[in-house]
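One line per chain: the protein sequences are Z and F, in this order. Take the first sequence: its position 356, counting from 1, is numbered 356 in this note's numbering, and each next residue is one higher. Take the second sequence: its position 225, counting from 1, is numbered 225 in this note's numbering, and each next residue is one higher.
Treat the hints with care, as some may be off.
[What the hints assert, rightly or not] Footprint (simulated), chain F over chain Z, 3 or more residues, beta carbon under 8 Å:
| hint | region |
| --- | --- |
| 1 | 29-37 |
| 2 | 238-245 |
| 3 | 297-310 |
| 4 | 469-477 |
| 5 | 539-549 |
[Stated by the list, open to error] Here are the simulated SDA-like pairs of lysine to any residue, each with C-alpha atoms no more than 20 Å apart in a straight line:
| hint | chain 1 | residue 1 | chain 2 | residue 2 |
| --- | --- | --- | --- | --- |
| 6 | F | Lys443 | Z | Thr231 |
| 7 | F | Lys247 | Z | Asp99 |
| 8 | F | Lys203 | F | Asp142 |
| 9 | F | Lys443 | F | Leu454 |
| 10 | F | Lys443 | Z | Thr232 |
| 11 | F | Lys443 | Z | Val35 |
| 12 | Z | Lys207 | Z | Gly176 |
| 13 | Z | Lys539 | Z | Ser508 |
| 14 | F | Lys206 | F | Asp142 |
| 15 | Z | Lys207 | F | Leu253 |
| 16 | F | Lys247 | Z | Lys207 |
| 17 | F | Lys247 | Z | Pro34 |
| 18 | F | Lys443 | F | Gly339 |
| 19 | Z | Lys539 | F | Leu253 |
[Claimed, not checked] Derived, one-sided and incomplete: chain F residues facing chain Z with beta-carbon distance under 10 Å:
| hint | residue |
| --- | --- |
| 20 | Gly62 |
| 21 | Pro121 |
| 22 | Ile163 |
| 23 | Arg232 |
| 24 | Val283 |
| 25 | Met337 |
| 26 | Ala359 |
| 27 | Arg468 |
| 28 | Val469 |
Simulated from the structure, these hints should not be mistaken for lab results. Glycine included, each C-beta is placed from N, C-alpha and C at the ideal position.
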Amino acid sequence: MSVTAETTRREAPTPGASAALRDALRSTGIRTWPVIRAVLAGTMALGSAVGLSAVAAWLIAKAAEMPSPADLALAAVIVRFFGISRGLFRYLERLASHDTALRGMVELRERTYERLAAAGAGRVLTLSRGDIVARIGTDLDSVGDAVVRAIVPTGVAVTVSLISVGIVTAIIPVAGLVLAGCLALAGFGTAALTARQARIAAEAGVKAHAEVAATSLAAIESASEHRIWGTTSESLARVEHANRDAEAALEAEARPASAAAALLTVSQGLAIIGGVWLAVVAIDSGQVSGPWGTVVALLPLAAFEAVGAVPAAVQQLYRSRAAARRIQELTTPLAGTAFAATTGASKPADNTPADDADAAPHVENRTDPRVGTLTLDRLSVAWPGMTPTRPISAELHPGETLAIVGPSGIGKSTLLLAIAGAIPPHEGSALLDGAAVTPADTGHRIALTAEDAHVFETTVLENLRVARGDVTADEAAEALAAVGLDRWIAALPDGLDTMIGSGGHTVSGGERRRLLLARTMLHPAPVLLIDEPAEHLDKDGQDALRAVVTRLKAEGRIVVLVTHHESPLGYAERRVDLRG
Amino acid sequence: MKPIDPRLVVRIGPARRYILVTAGLGLLTALLVAVQALLIARMLAPVLAPTPLTGDGLGWLGTLVPTSARELSSGLPLLAGVIALRTLTSWLQERLAHRAGAQVISELRSQVVAHAAAMGPRWIASGRGADVVTVVSRGLDDLLPYFVRYLPQLALASTLTPILIVLVLGLDWLSALIVTLTLPLVPIFMILVGLVTRERSEKHLKAMQTLGARTLDLIAGVPTLKALGRERGPAARVRELGEAHRKATMGSLRVAFLSGMVLELLTTLAVAIVAVTMGFRLVEGGIGIETALAVLILAPEVYLPVRNVGTHFHASADGLAAADAAFEILDEPLPAMGGDAPAPDAARGAIVVTGVGIATPDGVREAPSGADVRCSPGTLTAIVGANGSGKSTLLLALAGLLPPTAGRISLETGSAADDAPERDAEVVAQDGALLVDADGWAKQIAWVPQRPDLGPAGRTLSLGQRQRVALDRAFESGRPVLLLDEPTAHLDPDSRDQIVERMRALAASGATVVVATHEPDVVHAADEVLTVESREITEVSA
C-alpha cells in the first residue's frame, strides 16, 4: 500500500494531461458519428422536456381563449408525445453513449496492452500488479467516462440551449437575446468555476490528501512504537493536523462550487424574469399572441436542465485527464532513473506482428540455439536510493547451477532482473557468450520466473502453455509429475483442463510454487532464472525442486536460483552470498 | 436500502446538524418554488384571460401572493426577490453540504485512525491495517458526493414534493389527483422492472464481472509473460475478451437503464397529462387561467427531486458503503490493554520467559512455541531462529504489546542465581493477558522494531539512517530494558560493529538487552542465546 499510489487519484492536471486525454481518446478509435448520434439522442431527450414545456404553455394559453377543442387537438398530441419521448430518447442516448465508450475501451485496452507488451522489460517487470490493474481497470474506465459524462452532456447542453434560444428568438427576438445571455452565463460561468474547483483540488487537495495518507499510515502501522515511546498523542495530533489541512482544502474547493450553484440559479432566475417581463409586455401591446408569448415566458423554466450538467462534465473531464496521464505513464520509461535507457533497447523484440498473435509465440521461443557461458562480472544492482548489492562474479557453463543467497530486501530479485537483461546493472555486467545481456534476451534466451509470477485464471494446461505454446497434454503431465503434482492433478475434477486461479479451483502456496516450477521447466530458454523456488515448499517439495534442477542440468541448461533459505541448495555447484 | 445510515446521525455531530439544516432549507426551497410559480401565474393571467379577471384564481393560496402582483410593477420586484432568495439558498445549501461533508469525513477519519492505532500489532499486521489506510485515504471521500448531491435531493423529495402536492391540491384537485396517483407508480414500476429483469441482469452482471476479471487477470500477468517472452500473443485475446465484455455490459445496461426510463417516462408523462387535461377543462371554463398556469409550473417541480434522487443513487450507495466501512472498523472491540497491577520495576530483576507460545493469527501455529529464557540485567540475550519462527513476536510480548497465548512472562527480583531460594517473582503477562499496567511497563522498555517510524522527520531518511536514529534514541533513553529487532540489518560492517559495541556497553552498565538477530557477530557477542521455533498447534496439546 504505497502512499503515492493513494494520492494519484487526485493527481494534478499538469499541462501534458489534456494532451494525454486527447491521445487516449484518439487511441480509442472512437469516430465522430457515434458520438454525434449519442448527442442527438440526448438532444431529443432534453429537447423533449423543453418542447413539452413550450407546447404545454401554448396549449394552456390557447385554451384560455376558449377556442373549439379541435384547435387544441394537435397541441395535445404533441404534449403527450413529448411526455413519452423524453424517457425513450434518454434511454437511447444512454445506450448509444455507453456503447460508443465501451467500443472505444476495447480498442484502448488492446492498444495499452500492446504498448505495455512492447515497453521495455525493465519497465514492465518492475510494475506492481496493483498498478497495472488499477490503471487498466479504473483509469481506462475513467477515460471512457469522458465520452459518457463529459463530451456527450456538453454537446447536449449546447444543442438544447441553441434550440431553446432559437424558439424564443423566433417569437420575441429580444427575449431570445436575454435567454442566450443567461444560458451562456450559466454554461461558461459554471464551467470556469468548476475548473477552478478542480484546480484547487489538484493542488491543495492532492497535497493534503497525501499528508493524510502518510500520517494515518504512520499512526497505524507504528502504533506499537508510539505506545512504547509515549508518542501516540503526537502521532494522532499529526493526523489531526493533516485532517485540518484536508478540510481546509475541501473548504477552498467548496467556494467555487457553491458559487457555481448560485450562478446557475441566478442565471435561470434572470432568464425567467426577462421572459415573463418581455412576454407580458409584448402580449399586452399586441405584438405577439397570448399563446406564443406564454411560450417565451415559461420556456426558461425548462431550458436550464441541460446546462446544469456542465459542472459535472467539467469535473469528469479533469478526472479523465488525470487518468489518461497515468495510463500514459504506465507505458513510458521512468524518467530520471537508471532504467530510463532500457525501453529503447527492447526494439529487437518488436518484430513479431501483434495481429498474428496465436501463431507468433510458437516460433518466437524456438529460435535460439544453445548458449555457451553465462558470465557475471562484478555484477551489482541498485534502485535509486538503495545501497548497491555486493558485486558478485561467476561463470556458468551449460548444466551448471548458481545459487544466490541473501536475506529478504537485500536486492536478490533486482539482481535477477539484471541477469535477465531487463534492467541495466549498477556496476559490472552480465554476459552471454561474452556479449552483455539486453532486454531482447529477457524471456527469449533467458527466462525468468519471479517470486510473484502470475497464475492465470485459466486451465492448468493453459497455465503451463504460458511457457511454450505447443506444450502437449503428455508433456504437461510429465512436467507436473516431475514437480510432484501428479497426485494433485489426478484429484482435480477435470484434470489438466481444470480452471484454476481466483475464478476457479484454489491453489495453495506450495502447489502454486510447484506449478510455476513446472512452467519454468517447460520453457525452452537455455538460461533459467528462478526467484525463491523453495518458498512454501515442504520436505517433499524440496526434493521435487532438487529433482527438477538435476534434470535441467542434465538437459544442459544454466540455472540461477535465488533464495533466502539456507538449506535446499546443496545441488548448486556455485553459490554466492550477498551478505559477504 | 436505507437512505441514511442511522449511525451517522447518532454518532457524528456534523452529520446530524447538517441533515436538520438541509431539511429546513428544503422547506424554504419548497416555499420559494411555490411563490415563484404563483407570481408567474399572477403576472401572465391578466394578459391571457379573454375577459378581465374577477375572482382570485389561486383560492386560499392567494394569501401567499397578493392579487396586486398581477401588475408587473409589483410582481416583478417580488419575483426578483424570490430569485435572490433562491440563489442564496442554493449557495448556502452547496456551501453547507461541502462543509458538512468535509467535517464528517474528518471526524470519521480521526476516529478510525485512533481506533485502529489502539487495536494492537496483530490486528494491524493482519491486513486490516492496510484496509484502514485505504478507507481513510480514499474510501471516506465517497461521503462528499453523498452529502453534496444525494442528501439535499433526498431532503427535497421528503419536504418539497409533499408540500407542493398539497399546494396543487389547493389549486386544482383533479391535477393533484393525477400527481398523487402517478407518484407512487414511480417506485412501484421501478420495483416491478427490477423484479422482471433481475434474473436477466444478474446473469449479465455475472458474465460482465467474470469477463472483466479475466481481462484484468491477463493484463496483470504481463510481467510474467514478458519474463517468459510470451507477451505478444494475448493482445488478440485481450481484444476478444474485451469485445465479449462489452457485449455483456451492454446487455446488462439495456436492462439496467430500463428503470431509469420508467422513472423519466412516468414523471414527464404525468406532467403532460396534467397539462392536456387542464387545457380541455379551460375550454369548457372548468378551471381559470391563473390556476392552470400555477399548476402547469408547479407540476414538474413536484417530480424533480424524485428524479434527482434516482440520478444520484450511486452517490448514495458509494457514500453509505464508505460510512459502513468506517463504522465496521469503529465497532470492532478494542483489545484489553494491560491489567490493574502496577508495573514492576524492570531494573530490579530478570525478565523470565517460561514456556511462552504465541498463536499465529490463523491459529494454526505457535510462533514462537515453548520459549524459555532468562534475560537478566547486565546481560545481552540474542534470539535466533528461522524466518517466521517468532523472534519479533517474542519481542512484542516482552514489550507488553502482545500477550502470550501460552506460558508466562515474569519479573524475578532477588538473586540472579538459578538456585537462589529467596527469589521473588511478579507475573507480567500470562495466558493471553497482560496483568500489569501497560503504560507503566512500556515506559521502561526501549523497543526498536524492524522499520522504525520517526514521524515526519524520519520520512526523508533511508531505512538504514532511520534505524541508526531509532537505535540512538533507544541507547540514550536510559530505559532499563532494550528490545532490538534486527538492529544491524541495513547497516554496513563498520556500523554493525559499533552497534554491537554499544549494546555490550549498555549491558555492562546494568541494562537488560534482548536482540532478535540473524547476524553471527551479534550472536557471538551475546551472553545468552535463545533459539525460537514455530510449531503447529496439535489438537492433543490444545
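Against the structure, the hints:
| no. | hint | in the structure |
| --- | --- | --- |
| 1 | 29-37 | violated (count 0) |
| 2 | 238-245 | holds (count 5) |
| 3 | 297-310 | holds (count 4) |
| 4 | 469-477 | violated (count 1) |
| 5 | 539-549 | violated (count 0) |
| 6 | F:Lys443 / Z:Thr231 | 11 Å, holds |
| 7 | F:Lys247 / Z:Asp99 | 9 Å, holds |
| 8 | F:Lys203 / F:Asp142 | 28 Å, violated |
| 9 | F:Lys443 / F:Leu454 | 18 Å, holds |
| 10 | F:Lys443 / Z:Thr232 | 13 Å, holds |
| 11 | F:Lys443 / Z:Val35 | 67 Å, violated |
| 12 | Z:Lys207 / Z:Gly176 | 46 Å, violated |
| 13 | Z:Lys539 / Z:Ser508 | 16 Å, holds |
| 14 | F:Lys206 / F:Asp142 | 25 Å, violated |
| 15 | Z:Lys207 / F:Leu253 | 37 Å, violated |
| 16 | F:Lys247 / Z:Lys207 | 40 Å, violated |
| 17 | F:Lys247 / Z:Pro34 | 17 Å, holds |
| 18 | F:Lys443 / F:Gly339 | 15 Å, holds |
| 19 | Z:Lys539 / F:Leu253 | 52 Å, violated |
| 20 | Gly62 | 19 Å, violated |
| 21 | Pro121 | 5 Å, holds |
| 22 | Ile163 | 19 Å, violated |
| 23 | Arg232 | 5 Å, holds |
| 24 | Val283 | 5 Å, holds |
| 25 | Met337 | 9 Å, holds |
| 26 | Ala359 | 18 Å, violated |
| 27 | Arg468 | 13 Å, violated |
| 28 | Val469 | 12 Å, violated |
The structure is inconsistent with the numbered hints 1, 4, 5, 8, 11, 12, 14, 15, 16, 19, 20, 22, 26, 27 and 28, although it conforms to all the rest.
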